[in-house]
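Novice: Based on the sequences and whatever the hints tell you, model everything.
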Amino acid sequence: MATLFSGLAALLSGPPAEKEPTMASKFPAASATSGKPGAKPLLAADRIRKTAREMFYRDGIRAVGVDAIVTQAGVTKPSLYRSFSSKDELAAAYLRDYDAEFWARFDAACAAHPGDPRAQLLDYLSGLGGRAVQNGYRGCGLTNAAVEYPEQDHPARAVAVAHKHELRRRLNAMAAEMGAADPNALADGLLLLIEGAFVSSQLFGEGGPAGRVADMADKLIQAHLPA
Numbered sequence: 001m002a003t004l005f006s007g008l009a010a011l012l013s014g015p016p017a018e019k020e021p022t023m024a025s026k027f028p029a030a031s032a033t034s035g036k037p038g039a040k041p042l043l044a045a046d047r048i049r050k051t052a053r054e055m056f057y058r059d060g061i062r063a064v065g066v067d068a069i070v071t072q073a074g075v076t077k078p079s080l081y082r083s084f085s086s087k088d089e090l091a092a093a094y095l096r097d098y099d100a101e102f103w104a105r106f107d108a109a110c111a112a113h114p115g116d117p118r119a120q121l122l123d124y125l126s127g128l129g130g131r132a133v134q135n136g137y138r139g140c141g142l143t144n145a146a147v148e149y150p151e152q153d154h155p156a157r158a159v160a161v162a163h164k165h166e167l168r169r170r171l172n173a174m175a176a177e178m179g180a181a182d183p184n185a186l187a188d189g190l191l192l193l194i195e196g197a198f199v200s201s202q203l204f205g206e207g208g209p210a211g212r213v214a215d216m217a218d219k220l221i222q223a224h225l226p227a
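Numbering (the UniProt record's numbering), first residue to last: 1 to 227.
It should be emphasised that the hints constitute simulated quantities derived from the structure, not laboratory data.
Possibly wrong hints are sitting among the right ones.
If you anchor each label on the Cβ, the simulated ranges turn out as follows [unchecked claim]:
no., residue 1, residue 2, range
1, A176, T71, 29 to 35 Å
2, D153, D188, 21 to 27 Å
3, K219, A68, 40 to 46 Å
4, P226, T71, 55 to 61 Å
Beta carbons are placed, not taken as given, at the ideal position from N, Cα and C, and that holds for glycine.
Specialist: Written out as structure tokens, the structure is:
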């Protein structure tokens, strides 16, 4: 547990320079489909990406080898390396996909409550609290990756760090819009609650404290607003 929180502390200490992963512009076609009736065949790169996302999230990036990914995806190892220059670059691609999914969910909560940042945030956190107590939930893939990769120049860590700094920035903007007396303090408190939910969900599961994250955030927000 100490390693987990020390990793989170290092994550928030400052962003390293990001390195843009290099990927091939063309991917070989594959015969498998996405599993939906009438679906078009998936490209080999898409199958690799989908399989890696499932395995990396469930088992951890370091624990999953390239051989296991290509076997599960039903492709060859040369197909993987034609699409991704290394496992590290595949991990970074997985995290970019995870980042996009996170913001799609976050932005949907914001769109549901125009002009009301408190309601926007509580909507997102209510959803997080519900997901965090479900079987198979493994917290935030970006937080997990930052803990797995302490190397400041690792491409996977660079994606995770950029994401967390953007989350902190957006929370700060929302706190200011709410009229918080100290937006920085409220934003950091909310960030700690969110990260705590990501981590505690993996320890307690159903019935754990992560299910209360929206309620705790609402109390924190109220405490930071002018009387």
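Novice: Now tell me if each hint is right for this structure.
Specialist: Evaluation of the provided hints:
1. A176 with T71: 29 to 35 Å: Taking Cβ atoms as reference, A176 and T71 lie about 50 Å apart, which means the hint is violated.
2. D153 with D188: 21 to 27 Å: Check passed, 26 Å falls within 21 to 27 Å.
3. K219 with A68: 40 to 46 Å: holds, 44 Å
4. P226 with T71: 55 to 61 Å: holds, 59 Å
Violated hint: 1 only; the structure is consistent with all others.
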